Structures are given as structure tokens and as C-alpha cells.
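**Student:** Listed below, chain by chain, are the residues.
Number of protein chains: 2
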Amino acid sequence: MAQEKKLVESITSRDVDFAQWYTDVVKKAELTGYTSVKGCMVFKPAGYAIWENIRNELDRRFKETGVENVYLPMFIPESLLNKEKDHVEGFAPEVAWVTYGGLTELQERMCVRPTSETLFCDLYAKDIHSYRDLPKIYNQWCSVVRWEKTTRPFLRSREFLWQEGHTAHATAEEAEARTEQMLNVYADFLEDYLAIPVVRGRKTDKEKFAGAEATYTIEALMHDGKALQSGTSHNFGDGFARAFGIQFADKDNQLKYVHQTSWGMTTRLIGAIIMVHGDDSGLVLPPRVAPTQCVVIPIRQKAEGVMEKADEINAALKAAGIRSKVDDTDRSPGWKFADQEMRGFPMRIEVGPKDIEKGECVLVRRDTREKYQVKIEHVAEEAAKLLETIQKDMFERAKAFRDSHISTAVTYDEFRDAADNKPGFIRAAWCGETACEDQIKADTTCTSRCMAFGDDEAPEGAVCVCCGKPAKKLVYWGKAY
Amino acid sequence: MAQEKKLVESITSRDVDFAQWYTDVVKKAELTGYTSVKGCMVFKPAGYAIWENIRNELDRRFKETGVENVYLPMFIPESLLNKEKDHVEGFAPEVAWVTYGGLTELQERMCVRPTSETLFCDLYAKDIHSYRDLPKIYNQWCSVVRWEKTTRPFLRSREFLWQEGHTAHATAEEAEARTEQMLNVYADFLEDYLAIPVVRGRKTDKEKFAGAEATYTIEALMHDGKALQSGTSHNFGDGFARAFGIQFADKDNQLKYVHQTSWGMTTRLIGAIIMVHGDDSGLVLPPRVAPTQCVVIPIRQKAEGVMEKADEINAALKAAGIRSKVDDTDRSPGWKFADQEMRGFPMRIEVGPKDIEKGECVLVRRDTREKYQVKIEHVAEEAAKLLETIQKDMFERAKAFRDSHISTAVTYDEFRDAADNKPGFIRAAWCGETACEDQIKADTTCTSRCMAFGDDEAPEGAVCVCCGKPAKKLVYWGKAY
Chain A
1 MAQEKKLVES ITSRDVDFAQ WYTDVVKKAE LTGYTSVKGC MVFKPAGYAI
51 WENIRNELDR RFKETGVENV YLPMFIPESL LNKEKDHVEG FAPEVAWVTY
101 GGLTELQERM CVRPTSETLF CDLYAKDIHS YRDLPKIYNQ WCSVVRWEKT
151 TRPFLRSREF LWQEGHTAHA TAEEAEARTE QMLNVYADFL EDYLAIPVVR
201 GRKTDKEKFA GAEATYTIEA LMHDGKALQS GTSHNFGDGF ARAFGIQFAD
251 KDNQLKYVHQ TSWGMTTRLI GAIIMVHGDD SGLVLPPRVA PTQCVVIPIR
301 QKAEGVMEKA DEINAALKAA GIRSKVDDTD RSPGWKFADQ EMRGFPMRIE
351 VGPKDIEKGE CVLVRRDTRE KYQVKIEHVA EEAAKLLETI QKDMFERAKA
401 FRDSHISTAV TYDEFRDAAD NKPGFIRAAW CGETACEDQI KADTTCTSRC
451 MAFGDDEAPE GAVCVCCGKP AKKLVYWGKA Y
Chain B
1 MAQEKKLVES ITSRDVDFAQ WYTDVVKKAE LTGYTSVKGC MVFKPAGYAI
51 WENIRNELDR RFKETGVENV YLPMFIPESL LNKEKDHVEG FAPEVAWVTY
101 GGLTELQERM CVRPTSETLF CDLYAKDIHS YRDLPKIYNQ WCSVVRWEKT
151 TRPFLRSREF LWQEGHTAHA TAEEAEARTE QMLNVYADFL EDYLAIPVVR
201 GRKTDKEKFA GAEATYTIEA LMHDGKALQS GTSHNFGDGF ARAFGIQFAD
251 KDNQLKYVHQ TSWGMTTRLI GAIIMVHGDD SGLVLPPRVA PTQCVVIPIR
301 QKAEGVMEKA DEINAALKAA GIRSKVDDTD RSPGWKFADQ EMRGFPMRIE
351 VGPKDIEKGE CVLVRRDTRE KYQVKIEHVA EEAAKLLETI QKDMFERAKA
401 FRDSHISTAV TYDEFRDAAD NKPGFIRAAW CGETACEDQI KADTTCTSRC
451 MAFGDDEAPE GAVCVCCGKP AKKLVYWGKA Y
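If you read the sequences in order, they're chains A and B. So in my numbering the end of the first sequence lands on 481, straight run, no missing numbers. So in my numbering the end of the second sequence lands on 481, straight run, no missing numbers.
Derived by calculation from the structure, the hints in this document are not laboratory data. Among the hints, erroneous ones may be present.
Unchecked claim - Lysine to any residue pairs mimicking SDA-like chemistry, simulated, CA-CA at most 25 Å apart:
hint: 1; chain 1: B; residue 1: Lys256; chain 2: A; residue 2: Lys441
hint: 2; chain 1: A; residue 1: Lys441; chain 2: A; residue 2: Asp205
hint: 3; chain 1: B; residue 1: Lys85; chain 2: B; residue 2: Arg200
hint: 4; chain 1: A; residue 1: Lys38; chain 2: B; residue 2: Ala172
hint: 5; chain 1: A; residue 1: Lys126; chain 2: B; residue 2: Ala172
To be verified - Partial pick of chain B residues on the chain A-facing surface, computed with a CB cut under 8 Å:
hint: 6; residue: Leu80
hint: 7; residue: Leu123
hint: 8; residue: Ala419
To be verified - Which bits of chain B does chain A cover? Going by a derived footprint, with three or more residues having C-beta under 8 Å, they are:
hint: 9; region: 36 to 48
hint: 10; region: 59 to 71
hint: 11; region: 94 to 102
This one's a predicted model, so the numbers in the text were calculated from it and none came from an experiment. The beta carbon of each residue, even a glycine, is placed where N, CA and C say it ideally should be.
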């Protein structure tokens, strides 16, 4: 067991140094790697396979709501980026500029897309003429670039993978309905598929997207008590349509501007999975998103019949649709157990000569380490049931953790105390002024995460936690990634 | 039928002006669009959905051979690109250069990847230490940029989508086997899935990839008699490994260089589908790759029971796994027929009151326009069978066309006559000198497409078709996209 010990010791405890623990897990589970490109990361097979599952499942859910995929150029001419004032101010300082094509200096420089609102508007201005051309419910899967100074794997890097949906509608109501619909698609996806509970809500003006009328967000709580903005959906009203001249002849023969939305989710979701579910032994993947759901580990694999039985179990699991494999390397069982835990496979099955004699094998959960002695003849159905249980339990545990990390502050002293001593969300009333958000951030590093749907009303007579003036809204505050 | 006529008339006949016909089909079938980004194209939903099917099927086939997907940065620092001499000479003249990040000029400029050999080498140099780390069978799906002067949708654009596989092996034999294996994956994919017959072979030194020891290719013949290079697989030997210092300790404790391969396929395959299968009514999609395989068109759709029956047929097809939809717009049936033909859906089903009385509907093939009266109760199985027949017939027709467009030239006069008057491949013997390839290209615009596997031996005593010296190889020549 010396190797196993060493393998686990190489991960920093998450309660000792959460940031280092995160870095260790990302590295030891071989999710990412470095190259000579500063600020950019490599998605290694184990990391990219998680993204593939996220993409495939989210794409399936998108298409159920009528989304069509497209692909637009990665370059945006400077004049196009400049068309919408708030938008360009938000993004121009952090884009990468292409100035040469081959040996020739470009007449107009182009940025690598930080997001594609302007390109979609350019396309929509060409393609939308009549109400018959509406709605457009387009999405693209691609990478985008933002020239960040400090970077961390999955959470912040100069290039990251994401999807960006961009829609155009005949009416403001339809655009608003789509904005909310997609936020709910995101929220349900995180809760059902990634076992991550979220707070759904609306951003304050200070925190909303550059060019948006309203931004909705889902906020998840990491194990260290920090919030992670995990998906956003924006209603642009007709602001972009006016800047880009996107008009259509309506049924009443009037020329009208379209109403637009956009919504995106990124590879930082992988960071969320790590920081919500991981533990001191490494990654813990929820079964639904796990590229490998089960690894079968033979005990005394050279003993007669053991490898055959391991293969038989593996085949039964695969036939039942479980993503399973056998670890038949020449390592010790102890090393393999530690390796499975490090990589976060939700379940392992141990099978050795003594088990085989009894016609049994042992199922071990990654999340709780509980063991179950199971008849080999029933292994596929038992494994399928256990994976469902693990998925459900992981969500419930994350939700209980999240719920126990929401505090309420009425006075500014209470707020500062919570910010210092109670990791998690702080519910506190707010006057609606950006100045108070700035003050709170300066004093505590907390930012307004959202005004939660169904929980955004300031109590009767409440005052702003910062300035003491009458409160307009109840806000979820937090330190954020 | 006036509308129908107009719809079809808007496509130029492919025998009158093939290039214009191509442009018309791409536009009318709404596969691509333009934006303000010069030289780049938009993949619209109908075009992107074809690429999604190509990607998903090819990815499935890759994974069966042990391929793992990764994602590497889109930027390559100039010093990294410069590391392998032949490679940088091949690509540096046509890359886009990023020189600013936000407001800051970069200390070292970076290109947007034209291909990622250098990045994979950089990663492999860090990750490969022992024979235990081999082989690496990585692939990525991404876009790449080459600063082309003249562009055409799918065939040549400044940014295009592709996959690039990059592998590292312990031995030269293993690398060679992988190079050939992936070429065969490509060839089988084109033939089985896209119904496009290919010639498999090896490139001459003049035509091989910058930095490769050997390049294998699949060459397809378009309807105008021009060749389209449709996929390539390269064996690098240990050239890149020496330039990047990728060494491993082998089982014999010797430090050795790895042997590498790369292989890629791009969105130009969509151009191949159009140019092999399309006709004067528009696109013709092989059933396996078609995003929509069947459209059900109600005749007299306001008559009682017609829409219900159309929906019932559609539901039966979907239940049988056929990608089907109903065209329930307020257009005339004739307009819908023309629209289905334009978009290349492999099959339509017509159903009206008279058919319903007999319990029947009409299946119409896109490729041959043949009609089949079919009992509605058997529609799903009949449609499934017909789609298989269409797939098979489309391949056989394309193969017969290709085979009838291969001529053989012994003398240079014969070669020039074939180049002028016989569209297609020209089989001709060659001395092995680049000078003759240059001469032939200057005189006829033909290039050596490949030395075909199993058909690359110059006949006994044959001489080079160009210079008359003893021939070393039999080559397939052609005008190419």
C-alpha cells in the first residue's frame, strides 16, 4: 500500500489550501496540461471527455427547444466590434488583435472573437427581412479568447471553450421568454446532470453583460464558500438591432427592430464539478457526466479465472449501457484503488478468487466509499441502480452544503462578520445604487451575485445593508471566482 | 407550378457553368452565408448539420481505433512554429499573426494555428518519458486559419473546420501502420457514409506535407472531372521528434526518438458531397449523412384527415429511426417538391385524400425521382429499405462515373489531349523527378494526385510520359481543387 499512500499524499488537503488542492487535482487526474503558449491550457483526454459529455447533453437539451447550430468566423473586424458602444467598451481592452495575414499588414485589424454578438448581428442584418424569417434560434460551439492577466485551469484562461446562443425575435415578450427559458435549461442541466444546485436570479446593472438590458445568471457555491457564475442569459432588447439595423416587415406591414438574446456556458463548468464534488483523494465525478462510470479491478489477477470474470462483469455493464472498463495493468490493487479515486470514477468493482467462489463481487462507491457485496449474475442492474443513487446523493449533499452556507445580514457589521467568518452566500437588502456595490466590494471583496428569483424582495421596511437608505431589493452577495 | 419553375430556374445548369452551379446550390440550399469578414464563411444550420453528422460518425470510427480527443491552444508562438524547418517554410507565408493582447504589444507574436504539429510536439516533449507513455493517439476537432487569397465556400476559406490527429509511437513500424490505418478509416468513411468512391495512394515528394516523410491521400472525382484531395495521412518518421527533442526510455533502457503521424479531414468534404452527387435541381444528400432524410408533404392539406395522416406517417418514420419531418407550411405542394429537391433531402413522401382512401402514400426518391406507391401501414419499413437502396445506388453511380473518367496516356501528346478533352484522372508513367511534375503542371495545369495503392507500378519498360526517361512509377494525374 506504499504506492497508494504516496499517490494520495501528493494531493494537498482541500481544507489546508483549497487553491493548491485544486491545482493538484487538475494535474493528478490529468485533466489539463501546459504548453509554451502563455495563459492557454491543454485539455487532456480525461478533461476533454468531460467537456464532450457536457456538450452532447446540453446540445440535446438545446435542440429540444428548437435551437439550430451554426458556425461563424473567429475574427471580428474592428469596425464591426465598434458598432455597439457598451459592448466594445466591455470587450476591447481584453481582446487579441490580428494585424498581419501572411506577410501583408491588414488594412483593418481584426480581433479574435471574445464573444460573437457583433457577428451574429451582422448575419441577422443580412438574413432577416420579414416576420417569416423569425425567430432565429442559433447557437455555436467554439472557443473564444480574452486576454486575461492571471489564469487558472478551467476557471480563467486566455482561450476557453463554450457555447454561445444568439436569438432574434419579433417581440420583446418572446425575447424575454427565451432569455428565461435558456436560464432554466442551464439550471436544470447543472442540477440534473452535474449534481450542482444553483441559485437562479438576475444580475444588478453593475454586473450585467456589456450591451444587455438584463442578465440572468445561475450561481453555484464551491466547497470553499466562493460563488461561481455558471451560466448567463442576456436580454438585449432592441439595442443591438438599432446599432446594426436589424429590421423586419411585420404582419402589419410596419418595419420593426428585432429583439435579441444571448446565452452561454463554458468549460469553467468543469472547474465547478471539481470544486463542488472533489475531496482529499481527488476528483469525484457525478455518474451522468463521468466519461468512465465504473472500473473493474481484478484482485490477484493472475489467479485462474479472475481476469475472465473481470471481463465478464465489464461486458455485462457495457451491455447495460454503463461506461465501464477493466484496469488490467500490472499495478497492485491498492494502487488501482487510489488511481480510481484520484480520477473520480464514480464506482469501482473489486473481484478476486474468494468473491468468485461465492459468485459475488464488491461494488465500491467513490463518493462515500461504501461497499456492497453483490451477486455477479445481478451486477449490471445493481451497478445501474447504485449509479443513480450516487447521482442523487451527490446532489443532495451539495444542496445541504449550499443551504447551510447562506447567511443573512441586516447590519453592515453583520455583513462584514459574515464576509470574514462565514464562507458562502450572504443575503442582504440593497438600495439599488452601484455606489453601495462598489463600497461593499472595496470593504469585503464580496460582489452582488444575483437577485434570486422568488427571493429578491427586500423585507418590509428594510434598509440597504451598506448605506442605510430604504432597500429596493434583496441580493445574494458572495466572494466569487 | 410557376413557383416551382422559378425556384429551379434560379440554379445554373451544372453542365453550362459548373462553378456558378456550385455557388447557386450552396446559396439556395442555405448551406453558407457571408459576413463582413473577408475570406471567411458562415456555416448556416443546413450546412453545419451536415458537418455535425460527419464529425459524429468519423469520431465514432476514430474512437473504435483507440483515438482520444484533446484540445490545444489556437495560438502558436513564432519560435515554436520555427522549430521544424520544412514545416515553417510550408506554413509561415499563409498564417494570421496576433501582435497585440488588449492594449499591449506582445513580446513575441503568435500565429493562429494553420495546423498543430508544433503544439502537439511541445506537449509530447513534456509528457513522453518512457515506453509506458506510448503510444499517444490524440485528435482534436477545431478550426484552423490559412490566409488564402481566393476563397470558395467549403473548398477554400481563410478559416475552416477540421479534425487533426497526431500520434506518437515507439517504433517506425507502428507509426507507418497507424498512417495507413487512418487513411483507410477515411477512405471507408467516404465510401460507406458519403457514397463517394476514392483512389487511395501516396503523394509524390513534391505534393507531400511540409515536414512529412510520406503523405498518403484519398482522391475523389467531382462531376466536372476535377479531383478533390479529400483526406491525408502523414508519416513524419522521427523528424519532428528530433526537432522538438521527444525522447523516451525504451524497454532496453535506451533513449530513443518517437515516430509520429498526423492526419486530417476538413469541411471541404461538404464541397465533395455537393460536387459528386448534386444535379440541376440542387443538392442530393446521401441518406446516411443527410440531416433530414425524408420530408412528408401533405397534398390538399386542408382536406379532412390529411394533416393527421401526414403526422402519423412522420411519427412512424421517426419511431423507426428515420430523420423525418412534415412540411406543413402554407406553400403549394409543387413549391414544396422543388424545395425538397433543392435542399437534397433523399426522399419525400406525398400523401393526399386519394392516397388515404386507398390506405397508401407515395415515396419519391430524390436521386432518380422514381415513385413508389406504398401501403401506409408498411411505410416505415419501406422507407428504411428505400434509403438503403438510395445510399447504395448513389455510390454505384458515382463509382461508375469515376471509373469511366480514368484515361491512360503513354505519350505526352496523349497526355495533353486527355488533359484538354477528357475530364478525369489520367494514368501515366513517371520518372520520379519533380522537374517533370513542374513541366506537366505548366503545360496542362494537371498535378500528380497520387501513386495509387496496388496500381502504382510503371509497366515493364515504360518511360516517363513527360521526359521519356525510364519510368519509376505509375501516377494518377488530374486537375484539382
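**Student:** For which of the previously enumerated hints does the structure constitute a violation, in increasing order of number?
**Tutor:** Checked against the structure, the hints that fail are numbers 1, 3, 4, 5, 8, while the rest are satisfied.
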